[in-house]
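*Asks:* One letter stands for each residue in the lines below.
Protein chains: 2
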Amino acid sequence: MPKDNPRHPDFPIPGGPERRAKTWRAEGLLRLMENVLAVGEAPEKLIVYAALGRAARNWPAHDAIVKTLCEMEEDQTLVIQSGKPVGLLRTHKGAPMVVMANCNIVGQWAKPEVFYDFERKGLICWGGLTAGAWQYIGSQGVIQGTYEIFMRIAERRFNGSLAGRFILTAGLGGMGGAQPLAGRMAGAAILCLDVDAERAKKRQEIGYLDEIAPDLDTALAMIKAATDEGRAVSVALVANAAEVYPEILARGIVPDIVSDQTSAHDLVYGYVPEGYDLARVQRLRDQNPEELIEAGRESIAHQVTAMLGFQRAGAEVFDNGNLIRTQAKAAGIEDAFDIPIFTEAYLRPLFARAIGPFRWMALSGEESDIAKIDDVLLEMFPDNKIVTNWIKLARAHVPFEGLPARIAWLGHGERTALARRVNDMVAAGELAGPVAFSRDHLDAGGMAHPNIMTEGMRDGSDAIADWPLLDAMTLCSSGADLVAIHSGGGGYAGFMTSAGVTVVADGTKDADTRIDLSLTNDTALGVIRYADAGYPDALDEARVGKVGHIAL
Amino acid sequence: MPKDNPRHPDFPIPGGPERRAKTWRAEGLLRLMENVLAVGEAPEKLIVYAALGRAARNWPAHDAIVKTLCEMEEDQTLVIQSGKPVGLLRTHKGAPMVVMANCNIVGQWAKPEVFYDFERKGLICWGGLTAGAWQYIGSQGVIQGTYEIFMRIAERRFNGSLAGRFILTAGLGGMGGAQPLAGRMAGAAILCLDVDAERAKKRQEIGYLDEIAPDLDTALAMIKAATDEGRAVSVALVANAAEVYPEILARGIVPDIVSDQTSAHDLVYGYVPEGYDLARVQRLRDQNPEELIEAGRESIAHQVTAMLGFQRAGAEVFDNGNLIRTQAKAAGIEDAFDIPIFTEAYLRPLFARAIGPFRWMALSGEESDIAKIDDVLLEMFPDNKIVTNWIKLARAHVPFEGLPARIAWLGHGERTALARRVNDMVAAGELAGPVAFSRDHLDAGGMAHPNIMTEGMRDGSDAIADWPLLDAMTLCSSGADLVAIHSGGGGYAGFMTSAGVTVVADGTKDADTRIDLSLTNDTALGVIRYADAGYPDALDEARVGKVGHIAL
Ligand SMILES: NC(=O)c1ccc[n+]([C@@H]2O[C@H](COP(=O)([O-])OP(=O)(O)OC[C@H]3O[C@@H](n4cnc5c(N)ncnc54)[C@H](O)[C@@H]3O)[C@@H](O)[C@H]2O)c1
Ligand SMILES: NC(=O)c1ccc[n+]([C@@H]2O[C@H](COP(=O)([O-])OP(=O)(O)OC[C@H]3O[C@@H](n4cnc5c(N)ncnc54)[C@H](O)[C@@H]3O)[C@@H](O)[C@H]2O)c1
Numbered sequence: 001m002p003k004d005n006p007r008h009p010d011f012p013i014p015g016g017p018e019r020r021a022k023t024w025r026a027e028g029l030l031r032l033m034e035n036v037l038a039v040g041e042a043p044e045k046l047i048v049y050a051a052l053g054r055a056a057r058n059w060p061a062h063d064a065i066v067k068t069l070c071e072m073e074e075d076q077t078l079v080i081q082s083g084k085p086v087g088l089l090r091t092h093k094g095a096p097m098v099v100m101a102n103c104n105i106v107g108q109w110a111k112p113e114v115f116y117d118f119e120r121k122g123l124i125c126w127g128g129l130t131a132g133a134w135q136y137i138g139s140q141g142v143i144q145g146t147y148e149i150f151m152r153i154a155e156r157r158f159n160g161s162l163a164g165r166f167i168l169t170a171g172l173g174g175m176g177g178a179q180p181l182a183g184r185m186a187g188a189a190i191l192c193l194d195v196d197a198e199r200a201k202k203r204q205e206i207g208y209l210d211e212i213a214p215d216l217d218t219a220l221a222m223i224k225a226a227t228d229e230g231r232a233v234s235v236a237l238v239a240n241a242a243e244v245y246p247e248i249l250a251r252g253i254v255p256d257i258v259s260d261q262t263s264a265h266d267l268v269y270g271y272v273p274e275g276y277d278l279a280r281v282q283r284l285r286d287q288n289p290e291e292l293i294e295a296g297r298e299s300i301a302h303q304v305t306a307m308l309g310f311q312r313a314g315a316e317v318f319d320n321g322n323l324i325r326t327q328a329k330a331a332g333i334e335d336a337f338d339i340p341i342f343t344e345a346y347l348r349p350l351f352a353r354a355i356g357p358f359r360w361m362a363l364s365g366e367e368s369d370i371a372k373i374d375d376v377l378l379e380m381f382p383d384n385k386i387v388t389n390w391i392k393l394a395r396a397h398v399p400f401e402g403l404p405a406r407i408a409w410l411g412h413g414e415r416t417a418l419a420r421r422v423n424d425m426v427a428a429g430e431l432a433g434p435v436a437f438s439r440d441h442l443d444a445g446g447m448a449h450p451n452i453m454t455e456g457m458r459d460g461s462d463a464i465a466d467w468p469l470l471d472a473m474t475l476c477s478s479g480a481d482l483v484a485i486h487s488g489g490g491g492y493a494g495f496m497t498s499a500g501v502t503v504v505a506d507g508t509k510d511a512d513t514r515i516d517l518s519l520t521n522d523t524a525l526g527v528i529r530y531a532d533a534g535y536p537d538a539l540d541e542a543r544v545g546k547v548g549h550i551a552l
Numbered sequence: 001m002p003k004d005n006p007r008h009p010d011f012p013i014p015g016g017p018e019r020r021a022k023t024w025r026a027e028g029l030l031r032l033m034e035n036v037l038a039v040g041e042a043p044e045k046l047i048v049y050a051a052l053g054r055a056a057r058n059w060p061a062h063d064a065i066v067k068t069l070c071e072m073e074e075d076q077t078l079v080i081q082s083g084k085p086v087g088l089l090r091t092h093k094g095a096p097m098v099v100m101a102n103c104n105i106v107g108q109w110a111k112p113e114v115f116y117d118f119e120r121k122g123l124i125c126w127g128g129l130t131a132g133a134w135q136y137i138g139s140q141g142v143i144q145g146t147y148e149i150f151m152r153i154a155e156r157r158f159n160g161s162l163a164g165r166f167i168l169t170a171g172l173g174g175m176g177g178a179q180p181l182a183g184r185m186a187g188a189a190i191l192c193l194d195v196d197a198e199r200a201k202k203r204q205e206i207g208y209l210d211e212i213a214p215d216l217d218t219a220l221a222m223i224k225a226a227t228d229e230g231r232a233v234s235v236a237l238v239a240n241a242a243e244v245y246p247e248i249l250a251r252g253i254v255p256d257i258v259s260d261q262t263s264a265h266d267l268v269y270g271y272v273p274e275g276y277d278l279a280r281v282q283r284l285r286d287q288n289p290e291e292l293i294e295a296g297r298e299s300i301a302h303q304v305t306a307m308l309g310f311q312r313a314g315a316e317v318f319d320n321g322n323l324i325r326t327q328a329k330a331a332g333i334e335d336a337f338d339i340p341i342f343t344e345a346y347l348r349p350l351f352a353r354a355i356g357p358f359r360w361m362a363l364s365g366e367e368s369d370i371a372k373i374d375d376v377l378l379e380m381f382p383d384n385k386i387v388t389n390w391i392k393l394a395r396a397h398v399p400f401e402g403l404p405a406r407i408a409w410l411g412h413g414e415r416t417a418l419a420r421r422v423n424d425m426v427a428a429g430e431l432a433g434p435v436a437f438s439r440d441h442l443d444a445g446g447m448a449h450p451n452i453m454t455e456g457m458r459d460g461s462d463a464i465a466d467w468p469l470l471d472a473m474t475l476c477s478s479g480a481d482l483v484a485i486h487s488g489g490g491g492y493a494g495f496m497t498s499a500g501v502t503v504v505a506d507g508t509k510d511a512d513t514r515i516d517l518s519l520t521n522d523t524a525l526g527v528i529r530y531a532d533a534g535y536p537d538a539l540d541e542a543r544v545g546k547v548g549h550i551a552l
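Listed in order, the protein sequences are those of chains A and B.
Counting in the UniProt record's numbering, the first sequence runs from 1 upward without gaps.
Counting in the UniProt record's numbering, the second sequence runs from 1 upward without gaps.
Incorrect hints may have been included.
What the hints assert, rightly or not - Computed, partial: chain A to chain B, Cβ under 7 Å:
1) Val99
2) Ala101
3) Asn104
4) Trp109
5) Ala448
6) Ile485
As the list claims (entries may be wrong) - In silico EDC-like pairs for lysine to aspartate or glutamate, Cα to Cα no more than 20 Å straight-line:
7) A/Lys546 / B/Asp75
8) A/Lys93 / B/Asp510
9) A/Lys509 / B/Asp75
10) B/Lys111 / B/Glu290
11) A/Lys385 / A/Asp537
12) B/Lys546 / A/Glu74
13) A/Lys93 / A/Asp512
14) B/Lys546 / A/Glu73
15) B/Lys546 / A/Asp75
Said to hold, decoys possible - Ranges between beta-carbon positions, derived for each pair:
16) B/Pro536 / A/His397: 57 to 67 Å
17) B/Gly332 / A/Gln287: 33 to 43 Å
18) A/Glu229 / B/Glu113: 54 to 64 Å
It should be emphasised that the hints constitute simulated quantities derived from the structure, not laboratory data.
The C-beta atom is built at its ideal place from N, Cα and C for all residues, glycine as well.
Produce the complete structure using the sequences and hints provided.
*Replies:* Here it is as structure tokens:
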């Protein structure tokens, strides 16, 4: 039975043993689609996160997806084009239930203005990374990523601990909202700006944020008190980052770590320029988007200039994947790219071994299922410090949103082993229902994103998009339940291509095979992608992990 | 046993009953790769056609592909990234033997200069449409396409016959070389220019071209004599189109039909500017490509200005898919797009029913296999005028190159039916060996190419690239033997994305399934793509053909 969803009463959280679809494979995907709306930012508009990332093209498309998932047989495949179901084809039991391509535009046309034009005509929608592929699990989805970044910085620069350290950042949206909690979990005092008071309030309500400060002076005083005591705290301030970053710099205060997760990638539907209130921005989106673009770029120039100032003053400054440097450069800030991207700066060694944000969702809706899997995970990987540390922290700090879920950075072989074990638990009746396995698109084999994921690749292959396409083709050839190819929409149009995958562990033998093939091949391809680019870690992993790399 | 290949003695034509690979599925793909080289333009450089379209990244990659195809098992999938084999993964019997992604570049980077940079670094290669996917079968591959265009024009403007009509065109390369034969088959007098005497000689040697004229006066006289008599003839002239088109226009001579198939899409490795000889162009490719680009654009401006002049004087002028209008427009010819693209002008009604360039190759190397399939085809589709007319003409006029092959424009259901029947013939021992089925990437569901294939789509969805990606994912989910996703390289970089498919009819029951699913779903998706765009023909076909279209 679905559960109440106080945040969005019209979008209950799915769960329970009753199936509406003919198979758990389809029922699982249906629940995941319901779940991204239940935990999304504006489900009534089908918007999940990142300003415009949608679960389906429009309501008729959504309804037809629901209907088809309920009616389809196991030897059929539902084909979805940019959030709209277009065909139901006969395939076979070892084929995906759903394949989807979202927002892919031929290269020379892949620009924000073309995207918006297609969107207005109803021809396309952007799926974000995990919105359209029904894999988003709320802020917890990115929380470990943000946390791991903070910990890598702690290890490199602060003797392994962020106690007494000040993190300054902005953006409390669907993704950015993970920052205050990740900062607190890492032991720091973190200040997060957002122009939208509602966003700050929401994060506080769901337990991701400790305090909302009334003004900058108070906020800085709260941070100072916490750092003096070495106490972890998260503080929000409702303010524009383009105004406050320069102000803090002008006061001679240098945070230890500075980043930003406003929707800087989208100057029309995302970033709010300084001096503009939300109502005015709303109006201008239709009436004068050009003005927003121009004012947004100028504001970003101010914000990034301050970030560069913090960097020169010794702060650890990084881009957290929102194209803020790209926008600043377009606004004339020539050295914007002196700020490193988080992937290249902190995560490359993990990706080279295909370690990345793996996740699973208890389709039963029962939190106890996740707890049991937590136990199994700790038992299976006692020596994996990243995993054991994370699971302990997550249990203590990360509140569930929507379907109970967990994320953990696992690599080649580990993902398959865990999912196989869970499938056994489902078969043995140890869990209340089937479990879906998925990952972020930002994964070793899954993404080409030259300003984020693949910036600064060793061999210069940053912009080559063959890899995510091969990944998707391989996943379709491996019986994954859902396979998606996404490209960027909104301000990300033309900036990325990624592949997503979901497999449902329904306790059957067939699921064993699907898990074996698809999860193994997905990470194998990740290792191969990095081995091909010449990363020694990947070449090593390719050897020990037997990934089927062909070395020339 | 392989057969001698006089054109390229080092690249024998594969054939015979002996297998080197463990399965006919892999052996078939291996033979097709050998075949594209045997019939290619410069096999020693792995170049198949369209200036730079390659069968493999480089020779070590080629050799590793051969080795892997020979050694792999049926439950494995070989992964090829831009012509380089990178992984051999365990999948299952119902998965492709080979998946490949060729030359896909993230949108904002998908530009010729980025492509050339990647190519120089050895990170990428362009597969053309059918070169890298090992589906090219020599000039005959495009010959029916060119012929059908001429016939559509004949029907619309010349009472169904081109007898006594003058066609002017240029380009006698791998693809363009089909023009003289297609023109003659259509009953016209056709004059084809090419700057390269070697190309003209080759076309004459293989029976695609009747005569080579020593100069323009003679050429025009030969054409005049033929049109006066209503006699079909093909004449080549070794000359630059940018000089001769304006010269013919200046003489007040207006051909009935004008087109061009020089490699205008590539200003560095393709189009030769007026006043430049081949040796100089060769040198400049390395030393000063910018000069070539500039001079090429200027020449194309002259040529297209003449083409517009012919159009105003009443000629039927069309772009045959080489971006010549795009280049002319970049050179300042504002009305270049007054010239229509052949797809939109002549072929849309066929594509709306997923009728397109289907093809099959006798892996045995025996011409008699093709003859037997011709007979079956005539028997199966007696009422399909396009097919019966074509097969009769092809038997009489089209010489085989490389592995004996045939092309025929077949649609949804027809392709599956033919391939199933042929698989039965293989099983029954009626043919000398297995047969591979494939198609051009330029097919209803297979291609997004806003300046060629999808120009002027009814709903404005020209640049949406979801469809070929969905096609590839569907084909991987349907057990096709080879599935490829290609994007444009060289001057086509950023201009297209396409999907290719090959299935081997090896006489097994499993092949029946693979044929059923993959060929049916491929055309189903083609019909769905056009139905989704609102074409009445497609909506009709979706109804009668039961393609699984979800109509919203
Ligand atoms: N690590 C990654 O690669 C990664 C992962 C997820 C999201 N992202 C990117 O991070 C960004 C944020 O994602 P999201 O899902 O949270 O987006 P969102 O649209 O849900 O939230 C953005 C927030 O920024 C606030 N904001 C806008 N302009 C502001 C300004 N000038 N000052 C202060 N606040 C401002 C908005 O009020 C909003 O709350 C996006 O660009 C997204 O694509 C990156
Ligand atoms: N219908 C289609 O969509 C379709 C199908 C196949 C190929 N094409 C396009 O057609 C073009 C030709 O393909 P191809 O495989 O024959 O290429 P190719 O490189 O093999 O041949 C091009 C020929 O053009 C000649 N040439 C170059 N500049 C010239 C000039 N100024 N005047 C006269 N001749 C000149 C060259 O000598 C060469 O023989 C390409 O742009 C290709 O991509 C379109």
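*Asks:* Work down the list of hints and note, for each, if the structure agrees.
*Replies:* Status of the hints after comparison with the structure:
1. Because the closest C-beta pair between A/Val99 and chain B is about 4 Å apart, less than 7 Å, the hint holds.
2. With its C-beta approaching chain B no nearer than about 4 Å, A/Ala101 sits inside the 7 Å limit, and its interface hint holds.
3. Here the hint on A/Asn104 is kept, as its CB sits about 4 Å from the closest CB of chain B, short of 7 Å.
4. Nearest Cβ of chain B to the Cβ of A/Trp109: about 4 Å, under the 7 Å cut. The hint holds.
5. Evaluation of the A/Ala448 hint against chain B yields a held restraint, the C-beta minimum of about 5 Å falling below 7 Å.
6. With its C-beta approaching chain B no nearer than about 5 Å, A/Ile485 sits inside the 7 Å limit, and its interface hint holds.
7. Between A/Lys546 and B/Asp75 the CA atoms are separated by roughly 17 Å; this keeps the pair inside 20 Å, and the hint holds.
8. Between A/Lys93 and B/Asp510 the CA atoms are separated by roughly 15 Å; this keeps the pair inside 20 Å, and the hint holds.
9. At roughly 18 Å between alpha-carbon atoms, A/Lys509 and B/Asp75 fall within 20 Å of each other, so this suggested pair holds.
10. Using a Cα cut-off of 20 Å, the hinted pair B/Lys111 and B/Glu290 holds, with the two alpha carbons roughly 15 Å apart.
11. In summary, the hint linking A/Lys385 to A/Asp537 is supported, as the alpha carbons are separated by about 18 Å, within the 20 Å threshold.
12. With a CA separation close to 19 Å, the supplied pair B/Lys546 and A/Glu74 stays within the 20 Å bound.
13. Taking the CA atoms of A/Lys93 and A/Asp512, the gap is near 13 Å; set against the 20 Å cutoff, the hint holds.
14. This hinted pair checks out: B/Lys546 and A/Glu73 have alpha carbons roughly 17 Å apart, not beyond 20 Å.
15. The suggested pairing of B/Lys546 with A/Asp75 holds, with an alpha-carbon distance near 17 Å, which does not exceed 20 Å.
16. For B/Pro536 and A/His397, the Cβ-Cβ distance of about 59 Å falls inside the hinted range of 57 to 67 Å, so the restraint holds.
17. For the hinted restraint 33 to 43 Å between B/Gly332 and A/Gln287, the CB-CB distance of approximately 35 Å keeps it satisfied.
18. For A/Glu229 and B/Glu113, the hinted distance range of 54 to 64 Å is satisfied, since their beta carbons lie about 56 Å from each other.
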